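Top line first, the protein sequences correspond to chains B and R.
Taking numbering that gives the first Met the number 0, I'd label the letters of the first sequence as residues 0 to 187.
Taking numbering that gives the first Met the number 0, I'd label the letters of the second sequence as residues 0 to 161.
Hints in this document: simulated from the structure, not taken from any laboratory.
Accuracy of the hints is not assured; some may be wrong.
Between beta-carbon pairs, the in silico distance windows are [to be verified]: (1) 76(R) to 87(B): 39 to 45 Å; (2) 1(B) to 105(R): 53 to 59 Å; (3) 144(R) to 85(B): 19 to 25 Å; (4) 106(R) to 85(B): 46 to 52 Å; (5) 21(B) to 143(R): 29 to 35 Å; (6) 104(R) to 21(B): 30 to 36 Å; (7) 21(B) to 19(R): 31 to 37 Å; (8) 86(B) to 107(R): 48 to 54 Å; (9) 62(R) to 1(B): 28 to 34 Å; (10) 21(B) to 76(R): 15 to 21 Å.
From a predicted model like this one, the values you see are computed outputs, not experimental measurements.
Just so you know, even glycine gets a beta-carbon here, dropped at the ideal spot from N, CA and C.
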Amino acid sequence: MGDEAKSIARGLQKRDPDLLDRLIEQYQYRLFRYLVYVTGNKERAEDFFQETWIRVLERGHQYDGRSKFEAWLFAIARHLVIDWQRSKKPQSLDSLTDPEQEHPLQLADEKDPSPLHQVLSQETEENVQASLQRIPAIYREVLVLRFQEELQIEEMAGVLSVPLSTVKSRLYRGLEALRGALQGGAAS
Amino acid sequence: MSEKIHDRALQLIAQARVEGIPEADSTWLRAHLEECEFCTGHVQQTDRALRSLRSASIQLPQGLASRTQFRVRLRAQQLREREPKRRAMWLACAVSWAFGIASAPYVWRLFQWFGERTGVPKLVWELGFGLWWTIPALFLVVVVLMEKVGQGSESDWMRQSR
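In isolation and in its complexed conformation, chain R is listed as follows:
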């Protein structure tokens, strides 16, 4: 029997277990296995290996689930406590933006008036107006960043305590 035939059989043996093979290939492989001792041995070794893998069991540490459930509930409580603060922050931002949009024409005029009175170049007071608009967004970014830093140190603490 040629080397190529064995190679094909070995490839099909693996393929059948990894992703499956078409019926025609399966028929060919069965016929080949009936007359090839080497490839039949290969099938047996492969199946034995997979059986061993499937039967290998792991012992769960005692109380793993309950310890995890406790930690998850604790974290859920922390997240719930943080929720109203977050909502209030988003609400404050939304109100601030709504107010900003409504008052923009007046504020623009105020900046213009101030610029003319103090002789500040147009570009400078226009930039000032733009900055005034970004204040709520900047505030939000600072709060979110502070929260992230808080979260980071919290998980470090949790890791150390284990």
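For reference, chain B alone in the conformation it holds in the complex:
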């Protein structure tokens, strides 16, 4: 990994407040967007956003600079969301994260009609907003990581803590779901 990641790792070891300020500014949009897509709720995403940065401060020494900082950041955010989801509905982590289960990761309430609408900007096509809501969160998440964040599949496997094959299968299903949803079909 580049010098940038190494210097971030060194700064986090020292809990450098200026570095953290800069990182919060730099990654605010990407992290918030990821959290909105995963939780489907702006207020909740905001809570997780702040909690994620507190965690970055506390666990910064665990980041070694060998992977991309954003991949580590998203992994922290994701774990926070899963922990919260687990405490809300006691069930096994596997059933929350395995898409082949009957009830895959549904971090956002799929019946709630509007949260994504509230945060996706007005200029965005209406049907994109509606389509994204029709896609299960577990697929929406991989689509965001791959096509918006442009993470490599290996990096995604690290963020999601799943094998490469699982990432790929979720991506294929997600892509199909997105395409179908935009066509107006019952993709999910």
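Assemble chain R onto chain B, guided by the hints.
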């Protein structure tokens, strides 16, 4: 055109966007797309879907970064304030262990003497000696557990205040 050819083309279309495809497959797909309207339509739909996804934007809440920076700085200050206490605790433990190692033979003799004088079974005073050795570790465990409980209630409080 057979169903299998279309299936292969559709699979390659998705694969090209998810993980990339080898040059040979890419050439084959291009040739197929030139003569297949159905698969060309599929490519267009897929690319349109991805374009829409990429162009979908999110509005950031006002002051999100500054609020977060404030909270992070506050937490950093709390951690810094706790640091000297932690260091002192570890130092006390280290000194206690060093002293324990240095004095172990004498303490062992003291326990032995006490055991013989009071007629306590050997196993009991040996256990007593072992317990005496673990006191610094037990103390440390208690302090760390207390800190963890403190941290838990602190984050609960922070969550409620938001």
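Hints, verified against the model:
no.: 1; hint: 76(R) to 87(B): 39 to 45 Å; in the structure: 31 Å, violated
no.: 2; hint: 1(B) to 105(R): 53 to 59 Å; in the structure: 57 Å, holds
no.: 3; hint: 144(R) to 85(B): 19 to 25 Å; in the structure: 23 Å, holds
no.: 4; hint: 106(R) to 85(B): 46 to 52 Å; in the structure: 48 Å, holds
no.: 5; hint: 21(B) to 143(R): 29 to 35 Å; in the structure: 32 Å, holds
no.: 6; hint: 104(R) to 21(B): 30 to 36 Å; in the structure: 56 Å, violated
no.: 7; hint: 21(B) to 19(R): 31 to 37 Å; in the structure: 33 Å, holds
no.: 8; hint: 86(B) to 107(R): 48 to 54 Å; in the structure: 49 Å, holds
no.: 9; hint: 62(R) to 1(B): 28 to 34 Å; in the structure: 31 Å, holds
no.: 10; hint: 21(B) to 76(R): 15 to 21 Å; in the structure: 18 Å, holds
In summary, the numbered hints that this structure violates are 1, 6.
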